[in-house]
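Now for the letters of each chain:
There are 2 protein chains.
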Amino acid sequence: MPLTHHLSPVQVAEILRVHQSTVKRWVDDGTIPASKTPGGHRKIALADLLRLVRERKLPSVSVDLSVVERYSSGLDLAAQPLDTLRSNLRDAMSANYPTRVHQLLLRCFQAGMTIEQMGDDLIQPVMEEIGKAWVSGQTDVAQEHLGTSYLHAALIDLRNRLLPIDGIPRPVALGACPEGDFYSLGNLLVELLLLQNGWQVINIGPNTPAASLAHMMERQQAKLVWLTCSYLQDPERFVNECNQLHHKATELGTQLFLGGQALTTEVRRKLHYHWIGESLSQFSLAAKRLLPLSGANPQ
Amino acid sequence: MPLTHHLSPVQVAEILRVHQSTVKRWVDDGTIPASKTPGGHRKIALADLLRLVRERKLPSVSVDLSVVERYSSGLDLAAQPLDTLRSNLRDAMSANYPTRVHQLLLRCFQAGMTIEQMGDDLIQPVMEEIGKAWVSGQTDVAQEHLGTSYLHAALIDLRNRLLPIDGIPRPVALGACPEGDFYSLGNLLVELLLLQNGWQVINIGPNTPAASLAHMMERQQAKLVWLTCSYLQDPERFVNECNQLHHKATELGTQLFLGGQALTTEVRRKLHYHWIGESLSQFSLAAKRLLPLSGANPQ
DNA sequence: CCGAAAATCGTTCAATTCGATCTTTTCGCC
DNA sequence: GGCGAAAAGATCGAATTGAACGATTTTCGG
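Chains as they are written, first to last, in the numbering used here: chain A, 40 to 338; chain B, 40 to 338.
Misleading hints may appear alongside valid ones.
Identical copies go unnamed one by one, so any copy, or any two together, can satisfy a pair.
[To be verified] Calculated cross-link-like contacts (lysine-lysine; reagent style BS3-like; alpha-carbon spacing at most 27 Å):
#, residue 1, residue 2
1, K327, K171
2, K171, K63
3, K75, K63
4, K262, K287
5, K287, K309
6, K262, K327
7, K63, K82
8, K287, K63
9, K171, K262
10, K82, K262
11, K327, K287
12, K287, K82
13, K82, K309
14, K309, K63
Just so you know, these hints were derived from the structure itself, not from any lab.
Predicted model, so just to flag it, every value in this text is computed and none were measured.
From just these sequences and the hints, can you work out the full model?
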């Protein structure tokens with residue numbers, strides 16, 4: 040059921056499209072975590088491998104998804120075109136079938152899709168469609184709630200899989216949604232993204248007062264603080280509090296990142312920040328620049 | 040599948056993800072300590088196996104923990120006194136340590152604790168303590184948010200474990216929090232409870248308009264509809280909508296169950312319902328009374 | 001207590017992997 | 001462009017692991 044198969048160097052070589060000797064070397068020098076049998080055979084966990092691929096820790100390799108599929112115990116879909124995935128996701132969210140939503144995202148994840156891809160190309164468009172259907176009266180608000188909660192549960196499962204298992208200290212990222220904003224999906228995606236990129240993440244979640252966030256920022260010595268704004272209860276007050284936060288962050292040497300659909304052009308004009316953007320891909324790039332460079336970073 | 044301390048080579052092979060022949064060879068050459076029955080069958084102690092795994096003497100990058108759990112559940116620390124569990128949970132929620140919260144609840148679950156016990160005797164008291172600490176200014180609101188989100192994530196994982204895997208049709212229970220109520224923890228516990236008791240559950244979640252719930256109730260032919268009320272934005276309006284819901288439910292032969300701390304005595308006096316209560320244990324009993332009836336519901 | 005079904009044993013043999021060595025490719029540098 | 005070092009690919013005998021099969025032991029009802 041759980042697909043944490045152990046692979047041999049030959050199988051991994053096939054997936055990564057490199058020679059088996061190369062895989063053996065990467066295992067021996069610690070690039071790929073693996074264990075050994077008493078007889079000396081290397082065993083590599085598929086989950087570990089895909090995690091490395093997502094983190095881009097492997098020097099410029101392309102993953103052969105069809106091979107991954109073969110080794111992940113009879114998984115079908117992996118390399119489906121995006122629009123098929125999208126319509127599948129929309130159907131699963133509309134039907135009362137939480138498991139299907141969960142499986143769909145899990146398989147994308149285990150096939151090596153990055154969080155920013157899942158967010159920008161899969162979840163974002165689907166949520167937009169559902170939102171339109173709701174506004175135009177084609178869908179009930181309950182149906183929209185329900186689908187969203189399925190998505191939410193699936194993402195929380197992914198988060199559990201992204202949590203670091205080692206005790207290696209990581210730079211701290213701290214984030215939340217502003218007060219009055221109860222929409223947690225986008226914020227959760229940001230959390231997943233940062234986890235994937237090797238941060239230690241503290242996500243306070245929806246409806247967090249700015250003062251409380253500022254206090255936490257100081258106590259945790261966060262390198263990065265983000266705010267996901269899907270809805271602004273009181274734009275003017277938000278602008279004030281956010282600018283105070285920016286001031287304090289600058290003093291502490293912390294970067295303040297902003298995102299979310301509620302930050303319209305008018306609001307942005309009055310805001311101070313260190314970075315602002317729309318897509319998760321942009322966010323990912325900006326956040327990566329804050330990380331101490333470790334290992335190979337080609338391209 | 041009894042829970043034993045002693046495993047056969049096949050079971051060990053399953054855990055280590057190697058062939059059973061290999062396990063037999065490792066036992067024979069002394070790599071894995073084992074005893075033998077008079078007839079010559081090898082018996083391997085789980086404790087020995089896990090010790091070797093920890094010492095990196097066996098392939099173990101990611102031991103298939105779900106398999107280990109199946110053989111080891113109920114072995115270690117199962118019956119701790121409740122107040123110890125409570126203080127452990129409070130500590131884990133106060134520290135930034137989501138995994139500890141998760142593990143704690145998971146172990147309670149796997150040790151056979153029911154959802155109503157976990158809710159009434161563990162989570163409810165701890166949340167109350169944290170709430171008091173927050174009101175009295177001892178804790179930051181962010182810390183309270185954070186701990187709650189850890190709890191929420193752990194409960195969602197439990198829900199995934201409770202989801203029915205068979206296709207057997209079950210009676211439908213439908214529920215939500217009223218409009219303006221964004222507190223989802225209690226509602227989630229109700230969902231878990233009903234899943235545990237064999238219902239098919241549709242939980243629309245926080246902030247659901249009563250009209251939308253009524254519509255869904257009709258479409259899904261729910262036998263049970265519940266509302267978890269932690270906060271009432273507009274008590275008078277809620278009373279009106281809830282009573283309309285009760286009327287429609289009665290017409291459809293659906294039972295309307297109410298619960299939550301926001302339903303004070305004054306509010307209750309004006310409400311119509313088929314059941315109301317405070318604890319999950321009471322809820323569980325009331326819901327169980329609806330279960331054996333199947334098919335005796337003429338339109 | 002008995003008999004049948006399931007699980008395990010011990011053995012043999014094929015398939016895979018190891019480790020070491022060597023050749024080829026890639027990349028930075030002058 | 002040439003050159004040296006580092007990384008990647010190729011090869012091969014020895015060792016390890018996986019698979020198959022009849023014989024034996026254990027389990028489970030009646």
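Hint-by-hint comparison with the structure:
1. K327 <-> K171: Cα proximity of K327 and K171: none, with 33 Å in one copy and 40 Å across.
2. K171 <-> K63: neither (51 Å within a copy, 56 Å between copies)
3. K75 <-> K63: both (12 Å within a copy, 17 Å between copies)
4. K262 <-> K287: Intra 13 Å, inter 54 Å, cutoff 27 Å: intra-copy only.
5. K287 <-> K309: Cα proximity of K287 and K309: one copy only (17 Å, versus 50 Å across).
6. K262 <-> K327: Classified as within: same-chain Cα gap 12 Å, cross-chain 51 Å, threshold 27 Å.
7. K63 <-> K82: Both ways: K63 and K82 sit 10 Å apart in one copy and 19 Å across, limit 27 Å.
8. K287 <-> K63: neither (49 Å within a copy, 63 Å between copies)
9. K171 <-> K262: Answer is neither; intra-copy 37 Å and inter-copy 31 Å both fail.
10. K82 <-> K262: Intra 36 Å, inter 51 Å, cutoff 27 Å: neither.
11. K327 <-> K287: Within one copy only: 22 Å inside, 55 Å across.
12. K287 <-> K82: neither (49 Å within a copy, 60 Å between copies)
13. K82 <-> K309: Classified as neither: same-chain Cα gap 55 Å, cross-chain 66 Å, threshold 27 Å.
14. K309 <-> K63: Neither, since 55 Å and 71 Å both go past 27 Å.
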